[in-house]
Amino acid sequence: MGKWSIPIDRLAESAKGDIETVTRKVTLDLFARVVQRSPVDTGRFKGNWNVNFGAPDTSTTEVAHASRGDAEARKALSLPVGGTVYLTNSLPYAHRLEYGWSKQAPQGMVRLTVQEYAEAIQKALASR
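Position 77 of the sequence shown, counted from 1, bears residue number 77 in our numbering, the numbering being contiguous throughout.
Hint data in this document are derived by calculation from the structure and do not stem from the laboratory.
Do not rely on the hints blindly, as some may be mistaken.
[To be verified] Label pairs and their computed distance ranges (CB to CB): (1) Arg74 x Leu112: 32 to 40 Å; (2) Pro56 x Ser78: 17 to 25 Å; (3) Thr21 x Ala118: 17 to 25 Å.
[Stated by the list, open to error] Lysine-lysine pairs mimicking BS3-like chemistry, simulated, CA-CA at most 27 Å apart: (4) Lys123 x Lys75; (5) Lys123 x Lys25; (6) Lys25 x Lys75.
Ideal Cβ placement from N, Cα and C applies to all residues, glycine included.
Based on the provided sequences and hints, a complete structural model is requested.
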């Protein structure tokens, strides 16, 4: 799947010294949106989202447990701020799902969520 990144250093002034909290909230919100938008047949795809700091986690699991993806997204709350956090799904059909292979998510998951970045920032700033 393609990668995307969004610089968050410009949040510093808006966050008024609370950049870590805002960054964690935005990351959790965005990751959760991707996972929640994931199409479910057996649950394997949704359960194969991985969160990792510093490098992508390319592992996969055969277990079809959709709630695992939600738990992975919540890991964003405990990761350090100031580096790169990766949300990956390394199943061979992940790219096809992102680009319309599933009728459950014809617009993809990641592409839609990236468009909502500004909304996620405003939500995080408002909830401090």
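Hints, one by one, checked against the model:
Separation of Arg74 from Leu112 is about 20 Å and departs from the stated range, judged on CB atoms against 32 to 40 Å. A C-beta distance of roughly 18 Å is found between Pro56 and Ser78, which places it inside the suggested range of 17 to 25 Å. Our hint of 17 to 25 Å for Thr21 and Ala118 holds, since their Cβ atoms are close to 18 Å apart. Proximity of Lys123 to Lys75 is assessed by CA-CA distance (about 19 Å); at most 27 Å being required, the pair is judged to hold.
A threshold of 27 Å between alpha carbons decides the hint, and for Lys123 with Lys25 the separation of about 9 Å falls inside it, so the pair holds. With a C-alpha separation of about 11 Å, the suggested pairing of Lys25 with Lys75 holds against the 27 Å cut-off.
Hint 1 from the earlier list is the only one contradicted by this structure; the remaining hints agree with it.
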